[in-house]
Every structure is written in C-alpha cells, then in structure tokens.
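Peer 1: Here are the chains, one letter per residue:
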Amino acid sequence: MDDAIIVRDLVKRYRVKKKTGLFRSHIEVIEALRGVSFTVNYGEVVGLLGPNGAGKTTTIKILATLLLPDSGEAYVAGYNVVKEASEIRKRIGIMLTVEKGFYGKLTGRENLEYFAALYGLDGRRSRERINYLIKLLELDKLGADYKLLEEFSLGMKARLSLARALLSDAPILLLDEPTLGLDPPSARRIRELVKDLAHREGKAVLYTTHNMFEAELVCDRILLINRGTIVVEGTPHELKMRIPKLRVVTVSIRGEGGSIHQILDTLGTKYEVKTEENGIYSVRIHAEKPEDIFNDVMKKLIANSFEIISARIEEPTLEDVFIYFSEGSL
Amino acid sequence: MKLHTILRAEFSLVYGEIFRRKSALAAMIIYPYLFAGFTLFFGYTIGSPQLFIERVGVEPTIFMITASNIVMSIITAVDDVLWRPLHDMYVGTLPYIIASPINKLELFIAIPIPRLSLLLMTGFTSIAPIYTLYYGMNGIVLALAIISLIALGALTMSTLGIVIAGLIHTIGESWRILNIVRPLIMVLLGAYYPRMFMPLSAYIVSFLIPSSHVVETIHRILLGSIDNLYLFPILAIILAFTYIPGSRRSLLYWEKKKVSEGVKTY
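Protein chains in written order, with this note's numbering: chain A, 1 to 330; chain B, 1001 to 1266.
Chain B on its own, in the form it takes in the complex (with noise of 0.2 Å):
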C-alpha cells in the first residue's frame, strides 16, 4: 500500500470536513489570534512586557503568536491520531477501517497531516504579519524559517501521538482521558512555558518529546542564541524514529483490544 494514496484520502477527507464547515475555517484562522491574545491580556494584567523580555528575552507579542502557532500546529499532530479512532467509532466507519487491509501505522501516519498543512498556512496570517511588523522585511524569511520548524515539530510528534493515541485508547476509550493528556503536552512541549524555566523532572519528560527540541530550535532562534542550533532538529528526528516501533505496537494493541470486545457496528 502507497503512503500517497492513504494521504490523498485523508486530504481529500480533512479538507472536504473543513471548507465544508465554514465555522471550523473560521475558527482555525482566528485560533492563533484568539490565543495569543488571550495570554498577552493575560500577561499585561499581571505583568509588563518589560518584565517579560527581561526574563525571556523576546518581545511577547513575537513569543506569544510564534507560542500560539507551535501549540495549534503540534497538538493538531497528536489531536486528530488521539481523536480519530472515536471519531471513526461515532460516525460508524471504524469497523470498515479495521477490516480493510490498510497499513494502520502508515494510515496514523498520514492522518494528522492535511489538517496540519492547513494550521501551517495560518502561519502566513498570524506569525508573518506580526514579524514584519517587528523585523521588516527579514520577518518574512524569519517567518518562512520557524513555520518549517513548526511543520517538523508537528511531524516529528506523530510517531509518540501515535503511542499515545494507542495507549489511551487501550487502557480506555474515553475523551475524559484525552483531555487531561492534552494540556500536558502542551505545557511540556514548553512553547508557553520555555524549557529554561522548567523543574528538573518536567524538563526530563520535555526531552522524551521530539517536538520539544524543535520549539527550544525555534526560542533560540528569537533569542539569537544559534550556537549548534542544527542539534536540536536532529535529536527530534532521531528520537521521532526511535518512536516507530512503540507506535506500531501501541496500535496493534489497540486493533486487538477492539476486536477482542467487537468493534461496535451500531
């Protein structure tokens, strides 16, 4: 089975669900405005900017819309592999998909990815501006840099989404489960709340996280701090790979976990 095919479904798919939805095109341009907003408003309330660049070192309007767009376009990655298997279960395609012959690591793979190309084109309306605005016309080569960065800090996630995704939906199929490991993954991917800042033991898991070093690739990069940056994507990827057979096997017990119960055909 081609990897291609299994990707031009799935964009056929997201994109047929989304521009078919215009709320959710809405939502999906706004969200990293909405975001960012939210948590500047939030800053200035109890803080300064002043106090903010002197303790990050970057102008938080710069850190909050590049922060917002990383958590959108990562959590997309793991979101729709976490998703997908109780979506398929509600709309009842979930057994057609499990009797097909399809390769389910390669399918896994391939979901996340249109609904990410997407979130990535939203980087042209949010971080692009933004940076122009600070930088001039180097904020557009800058903001072409980090939405490439946010691209392969979303893909090197879905590997360890996907072992996540067959974990929880092993242990139990419950959105209640997946919305505590969300905002997990968000604090510990550390584009809100850097790496720098955190305690030694949330700094441990950070690491484990393949999209954590993109985004510290992508702070040092606001910060000017390049020295070995090249490091940083690679240990992603490396770790993203290492990832490969845990997924392959967290799927394999989520498939068997199904049909040991029956996989429900309503």
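Excised from the complex, chain A in its bound form (with noise of 0.2 Å):
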C-alpha cells in the first residue's frame, strides 16, 4: 500500500509572551510536537488519539499547510509540506472546527458553493459534486437548501463541514474531531461515512479524536499521542493486547467478607475489592492471562461459601490502553 501520508521527526515548538509586568514580558516555550512520526496509507483511518493539548490539532494544521514545523518532514500524497505546499492543497480535503468556518448570511448550499469555488470547481461540475454531498450527508432533509448557516444545529454544521472537506473528491482527509459536541445521531452518522470513504473509496484519513470509544469504532489503527509524543500505535486490538495483565475478572459474590482478601491473595496478582449493598461485593482480579484463573477463583469462592452473582472476563478498554501508555501504569 501507498504512503499517503509520511511523518517524520516533526517538531514544533510555540513561543508565546506571557507578560510579568507593565513593561515586562518574556517568551514561554511550548512543545507542541517532540519528534512525531507515523505514516497513514490509502484505504484506511488512522486515529491520533490524546488528550487536549497533546499535539494532535498541531500535526493536522502542518499537514493541511497551515503551519510550518520547526524541524522533521512531513510528505503528503508525496510532497512536502514546507516546499510543495500548493500541491498538497490540491490533494486534501480539511475539517477543522466544526462550530466556525462558514458564512452566516449564506445558505448551506450557498456556502459549499462558495468553497467549491475555491477549488475550481464550476458550474455543472459543482452543482453535481453539491447535490451528490448533500444527498450523502442527508442536509437536504435537514434544509440545508434554504436555511442560513446561522441557524444551523451543531450537528448540521459538522455535516456541512464534512461536506466541504469532500468537495473536491480529495485523496487524503484531515480530520480534527470531527464529531466533537455532537448529538449521537450526526456523530454515528459521520463515523459511518468515514469509514466508507476509507474503506470503499480508498481514501487516507488521519482522524483526531479524545474520544477512546470513537477511535475505537472508526480507526483501522491509532496512535496515540500525548505532550507530543507518539508514546503507541496499532490496530485497537493490538494496543489492548499489548498491556500486560490488564484484562480483568469481575466477579460480584455475596456473602461473608473477611475471607475475600485471604482467597485473592492466594492468587499471586493484583486485584481490588468494592463493597456494595446487602452483603455484596464487586471484585476485579488483573491477569494476563484470565482464563487460567478463572476456574480456580470460582472455586475458591464457592468452597468458602460465596455466591456467585455474575462472572466475566474483561478486555482492557482503550481508555486503559491510554492511561497505561500515558502514565506508565494504571
């Protein structure tokens, strides 16, 4: 497969004066990006996931040529950011903020128009292209063809945005959060569509998100970064795999108390223990491998006179996934 998008070593770092006086100020060194790389390939979604301010905007502006990197290389659909910049712009489609970025007093028909314009397209060519998103994106049953943007709904202004960034029928989309703020509604209906356009069309897509439960859904494979850094990256799976004795057995028993900690602590490995109402207790048992102490857990509960409510072996979570890799440790 093709490298539709290749990062390398890219470091960015933002000088901001901060003022210490009525005269005074000095200049506050920000490391947005410390040394990013990863590659995305036609056909498939990769997700930068991280917390606010891990660097993942910053990466999308230098690859949508709206900011320049202090040091690194940064290549999409084979040309270099900093060099080539008017030959990526004809390659990419963008979605930034989903609240700003359209004229008010203008119809949302009228506004993709306007952006279609920009990219030359013309007359029959764009009105197709317009009708065709529309129809995809359903803002023709949202009145997209008579209302002002000003009084678009959240949800209807990503959808246009969405839109925009397909005009020109792009190779390669840079998404920034496309579905923050969003009602579940719009936001699955944008995760479906991107996923097709990856999947059928065979379009990159580099997807930002700090939604663990979005990337999961939508992402082939994602990175995770944070104080930019790219501190993982792999297929969901991959990643969950990936921790060491995070996948859980969550039992809940009733009975008498006192003997829990004795039994667990037979087992050789970490676990917790909550107390719920009339006598019931939650227990999480971490383990690598949970299916060998499954059994044996069972056992020894039912031997000391517990009643198993329910029993069940638990994935990590990619939140955990996040925590482990961010923080060393859960």
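Capping the alpha-carbon separation at 30 Å, the derived lysine-lysine pairs in BS3-like fashion look like this: (1) A/K274 <-> A/K289; (2) A/K83 <-> B/K1256; (3) B/K1264 <-> A/K83; (4) B/K1257 <-> A/K83; (5) B/K1257 <-> A/K19; (6) A/K90 <-> B/K1257; (7) A/K195 <-> B/K1264.
What the hints contain is simulated information worked out from the structure, not anything from laboratory work.
Just so we're clear, the structure is a prediction, and the values are computed from it rather than from any experiment.
With the hints as a guide, bring both chains together as one complex.
Peer 2: Structure follows, in structure tokens:
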C-alpha cells in the first residue's frame, strides 16, 4: 500500500509571549510536537488519539499546510509540506473546527458553492458534486438548501463541514475532531461515512479525537499521542494486547467478606474489592491470562460459601490503554 | 482556476450578505447623500457656495455628491481587500481559504468587485438625479460617463490595495492600522481635496495612487478642461498593472507569515 502521509521526527515549538509586568514580558516556549513520526496509507483511517493539548491539531495543521514545523519532515501525497504546499492543497480535504468556518448569511448550499469555487469547481461539475454531497450527508432533509448557516445546529454544521472537506473528492482527508460536541445520530452518521470513504473509496483519513470509544469504532490504526509524542501505535486490538495484566476477571459475589482477601492473596496477582449494598462485593482481578485463573477463583469462592451473582472476563478498554501508555501504569 | 468562477462565488457571498442585511443595503444607498450633506453643511458654515465656485470652479453640490460617490466606491476596493483577511479570521473561514488551491491574487482581485458593482448602482440614485437637476438631460449622459470612470478608478485601485493589505497584515494584523491607512488614502485620492491644492509632497504620493488620476479626470470633466484627458486614465491603468508583481509578493508575505505563526483554526 502507498503511503499517503509520511511524518518523520516532526518538531514544533510555540513561542508564547507572557506578560510579567506592565512593561515586562518573557517568551515561554511550549513544545507541541517532540519528534512525531508515523505514516498513513490509502484506504485506512488512522486515529490520532490524545487529550487536549497533546499535539493533535498541531499535527493536522502542519499536514494541512497551515503551520510550519520547526524541524522534521512531512509528506502528503508525496509532496513536502514546507516546499510544495500548493501541490498538497490540491490533494487534501480538511475539516477543522465544526462550530466556525462558514459564512452565516449564506445558506448551506451557498456556502458549499463558495468553497467549491475555491477548489476550481464550476458550473455543472460544482452543482452535481454539491447535490451528491447534500444527499449523502442527508443535509437536504435538514434544510441546507434554504436555511441560513446562522440557523444551523452544531450537527448540521458538522455535516456541512464534512461535505466541504469532500467537495474536491481529494484522496487524503484530514479531520480534526469531526464529531466534537455532536448529538449521537450526527456523530454516528459521520463515523459511518468516514469509514466508508476509506474502505470503499480508498481515501487516506487522518482522524483526530480524544474520544476513545469513537477511535475504537472508526479507526483501523490508532496513534496515541501525549505531550507531543506518539506513545504507542497499532490496531485497537493490538494496543489492548500490549498491556500486561490488563485483562480483568470481574466477579460479583454475596457472602461473608472477611475471607475474600485471604482467597485472592493466594492468586499472586493485583486485585480490587469494592463493597456494595446487602453484603454484595465486586471483585476485579487483573491477569495476563484470566482464563487460567477463572476456574480456580470460582472454586475457591464457592468453597468459602460465597454466592456467585455474576462473573465475566473483561477486555481492557482503549481508555485503559491510553492511561497505561501515557502514565506508565493504571 | 478561472477568474469568473471566483467572481461568481464572490458575488453570491457579498450579495447574500448585503441583501440579507437590510440595514447594510439601506446604508449603502443613503451614504452618498450623508457624505455629501455633511460636507456641504460643513462647507456652508465656514464659507459660501460662491467662494467654493471661485476657488474650485464647480458647483459645490455637484462636486460633493461626485466626491462622495468616488470615495465610497474607490475606498471600497481598498476596504474590502484590507478587511477581508480579518473578517475571514473572525468567522473561521481563513484556514479553508489558505489551504485551498485557489490563486490568492485572483481571489483578492475578485473580492471588491461585487460590492463595487452595487456601489456603482448608487450612482444612479445619487449622481444622476443631481446632475439631471443641474444639467438637464445632458446630466444623465454626464452621470453615465462619471460612473464609468469611478468604476475604472476603483478597479485600478485594487492592485495597490492588495499591496497595502498584504503588507499591513504582514506587519501587524490590526484594524487600528487599517483605520490610519483608510483616511490617508481618502485624502490622497484627491476626491474632496483636489490635487491642484495639494502641497508637492502630498501631490507626489497622490501621483503614485492609480485612482487619483481617474479622480483628476473626473474633476477636469466637471471643470470643462478636457485637453489630453485620455492620458490620465491610461496612466492609472499602467500604474495598476505596475503594482501586480508587488501585490502578488505582498500576498505571499502575508500567507507565509500566517503559516509560520499558524493559521488560527479555533
């Protein structure tokens, strides 16, 4: 597969002027990216997942030719982001903040017509593409043809924003938190569409989010970014498998609690016990291979007169993965 | 990329904004009268129409309504390119414009044209009735000629306007700087303050402004001094073309500065 995006050792520092007095100020250097490297192939959705201030938007902005890196290299569609920005601009569709970025006194359709012109789409070609996208994103049902943008809800703006990113049918899409603040139906529609664009149309999609659930649903590969560094990358499944002792046996039991710790200490693994109402205890046992200890735990609990209410083996969530890799432990 | 595609988009954007903001449309129609009325009122309080005719050679009402229209139209050409980057930054459309493959010079040339076309229409509600009142039916012909010249003046101003806009936004993105630049251009155009009365230093600077030559043409027509009249518009056009490389470079500086700082995406 071809690399649509190649990023090597990207570094970006922001110099922020901080006032320290009436006439005094000093420059504070904030390291937004500290040597970020990754690739994105055509036909896949790669998620850049991280908390606020991790460097996601900075990365997107550099790739969208809206910001210059301090060092390192980045190539989009084979073109250098610093030296060949004009070539890149013909080959990318971008979706930045959902809330802003349109003209309020124009209708949804008129906004799309304006941005289509910026991409050189004219006349019939522009009309056909806009009609297609309005239908695809179900904007026609929401009144995009006659409603002014200032009357749009956030969900409608997000759909319109994605429609704009797709106007030029660019092979590479850079989507910065496209579902931020959206209602569940709009967020779902956008997620489905993004997956389709990559898997059916072969587009390369870089998708930033801080929503773990969303990253797991949409992305083929995830790059966990924290404090300007990619801490780990892989498919959602691979990432979960890379965490030692993170699979969990969760057991809900009823009985006399005094002996629980004695039983669990014999397992030689990390566990937590929470007391609930009516003598019910919730027990979480961390294990690399929970299948191996599951039967043993059940037998010991039953032997000690505990009533098993429920028992299951839980996979770690992406959130667990993120916390593990960004903070070193759970 | 075709210029007419960009123009059509700009027309739809500006017309959409103006016609859906009724106050903006009303202001556009009333402004030439307000400008002219204010200056006439001010003039009458400190002098007499007779004195004005003796010094300038034109009936003050005609002079002022013409000057108001000239200033509104020509300043619009500068204003639109000066304000547009700031407006786009506030509404959040700037990153999409910068990251689009559009030729920025073509875009900036297209930006003032829609509003200008509307302003020229106001010539028919301001210049034409006043001229008809003073000159009879000949006034309509004269008004048409003056409106056409104003259009030329505004168009020839766009390249210098882009040079100024690019440089100002490169130096510091502030509406405060714009508010200093606008009145300066307004004075140096010579619409209210004819070039013949300017001191040499101001005259030289005014000479470098393409539209000022068109303004001088209009003044000469109103004065009836039409010898070698065609030279002034030609000079304006030549000057406008001279500023094209500068305007391209100026926009490039601005874009480079924005990208090196990072275009705000909110």
